[in-house]
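Under the working numbering, residue 179 is the last one in the sequence shown; the count climbs by one each step, no gaps.
In case anyone wonders, no lab produced these hints; they're calculated from the structure.
A hint or two may mislead.
[To be verified] Below, a list of computed lysine-lysine pairs in the DSS-like style, where the Cα atoms sit at most 27 Å apart:
hint, residue 1, residue 2
1, K52, K41
2, K107, K120
3, K52, K107
4, K2, K52
5, K120, K52
[Unchecked claim] Label pairs and their in silico Cβ distance ranges:
hint, residue 1, residue 2, range
6, R131, K52, 21 to 31 Å
7, H6, T43, 48 to 58 Å
8, L51, I103, 17 to 27 Å
9, E126, A40, 19 to 29 Å
Glycine residues also receive a C-beta, built at the ideal position from the N, C-alpha and C atoms.
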Amino acid sequence: MKQSFHIKIMLLVSALLLAFVALGDYLFFRSIKASVLNVAKITRDLREESLKMEQYKMLSDISGGSPDTVNGLNSHFIKDDQVVDFIEFVERLGDSSGATTTIVSLKVLPISEEYKTVEKLMLEIEVGGRRENVSRFISLIENLPYGANIENVAIREDSDAAGYWEGYFVVNIAKTKKI
């Protein structure tokens, strides 16, 4: 009987050890998975920053290297006091692409509670012109170095004017916020 009791205790201890080892393996796996996901995110962020640098160089060439434009593009975020300059820059991009642009609305929205110094600048833009001009303008906006996010794109040919295209889209860009 005593021997049977010792066997039961040994089996119970073995089962507990096995459970602890399994739990340890599970927690270790989760830790490795979190590290791999973090490395993947960092790699993606580096790739995006590299693309933004290339886009910045392209936009600097388009702008003719004017000091005002280059200074406005130097930052990854639009500074709080440079929103008007940015809007004028968007209008100049429209002119240089041969499209007519109208900024329908401008909204500044909070990103989240945890980001106190950054807000989202949301521009609703209407664009018109030949198809290639409208496409070029949207491409230029999409390739801004600010990480512009274009949403709700609608492009159609005007039924009244042959060869004239109209477009509408929303651009979201991060901007700094004074505290």
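Each hint tested on the structure:
A threshold of 27 Å between alpha carbons decides the hint, and for K52 with K41 the separation of about 16 Å falls inside it, so the pair holds. A C-alpha spacing of about 8 Å is found between K107 and K120, which places the hinted pair at or below 27 Å, so the restraint holds. Among the hinted pairs, K52 with K107 is consistent with the structure: their alpha-carbon atoms are about 24 Å apart, no more than 27 Å. About 75 Å separates the Cα atoms of K2 and K52, which puts this hinted pair outside 27 Å; it is violated.
Restraint check for K120 and K52: satisfied, since their Cα atoms lie roughly 18 Å apart, inside the 27 Å limit. Range check, R131 to K52: Cβ separation about 27 Å, and the 21 to 31 Å hint holds. Taking 48 to 58 Å as the suggested C-beta distance range, the pair H6 and T43 conforms, at roughly 55 Å. Look at L51 against I103: about 25 Å separates their beta carbons, and that is inside 17 to 27 Å.
Range check, E126 to A40: Cβ separation about 38 Å, and the 19 to 29 Å hint is violated.
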